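So for the sequence shown, the numbering used here puts the first residue at 218; every next one is plus one.
Read the hints as simulated data drawn from the structure, not as lab findings.
Heads up, some of the hints might be wrong.
Okay, the calculated beta carbon distance ranges per label pair [unchecked claim]:
hint, residue 1, residue 2, range
1, E374, V332, 18 to 26 Å
2, E380, D283, 40 to 48 Å
3, G322, P256, 42 to 50 Å
4, Q427, D295, 39 to 47 Å
5, E428, E244, 22 to 30 Å
6, E326, S259, 46 to 54 Å
7, T308, P419, 50 to 58 Å
8, T422, G269, 54 to 62 Å
9, R383, C351, 40 to 48 Å
Small disclaimer: the values here were computed from a predicted structure and weren't measured.
All C-beta atoms, glycine included, are put in the ideal place defined by N, C-alpha and C.
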Amino acid sequence: KENFEMRLLALALVVGLAVAQCPSTLEVLTDFYDYLDGPNWSDAASNGWTIGNDYCQWTGIVCNKDGGVVVLDRQAKDLSGILPPNLECLTELKSLQLQNNVIIGPFPEEICELVPLKYLQIQNNQMTGPLPDCICDLVHLQYFYYDRNFFDGPIPECVAEMEFLREWHGYCNFHTEFIPEGFLALQYLEELHLACNEFEEPCPTAFTEQEEFLFTCTGIDCELVCPQPGLQCPPEILLPGCPPYYPLIV
């Protein structure tokens, strides 16, 4: 009995330390603002961020009835910098929309701890490095858009574990090796877009001949849609119908 009580005490201490590591939601969102150059966001004059403590009133934040953040939407607002390391503390987040900004750095593994996440949109930024294997821990993820970044390395083999995935948009990156066949096992997959990468076999027969979901591996003019520095385009370019290309920040 004494050993059992000691184990319970040790577990309580571990849980208490884990909880203590997470700052308040207000602090997490303030860090997000600071890390991504909040004063220079395109709507900085009117979005209400960091004014007062009621973050549920800040533009782009949607809360549930308990004050938990379920939507964080800062798409196309001139965010610039790296993502903060404590995003996992937004434990009720279901939708993270950060597309069309100038976010740099690797994919933060902390995002993998946002298990309720259903929508993740980080496309058209300047993020680099591989997608971590922990991306497959997002078992409720349905829509993942990360096209037009600089992600490299293979796509994690474990994608078959993301059983509710409906759309995966990863075109215009630098993925290598092979497209994981785990995608073929996903019951709800509707779209898979992987053109303009560096796969050893860009259009595998197993994918092109299946009829369960839309698969694109070609048909995109990579020189226009995915300008890469020093390869297809000058350091800065604007094209009709396309978002502006900004030089990679090193």
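>> Check the structure against each numbered hint from earlier and tell me which ones fail, lowest number first.
In response: Hints 2, 3, 5, 6, 7, 9 are the ones this structure does not satisfy, whereas the remaining hints hold.
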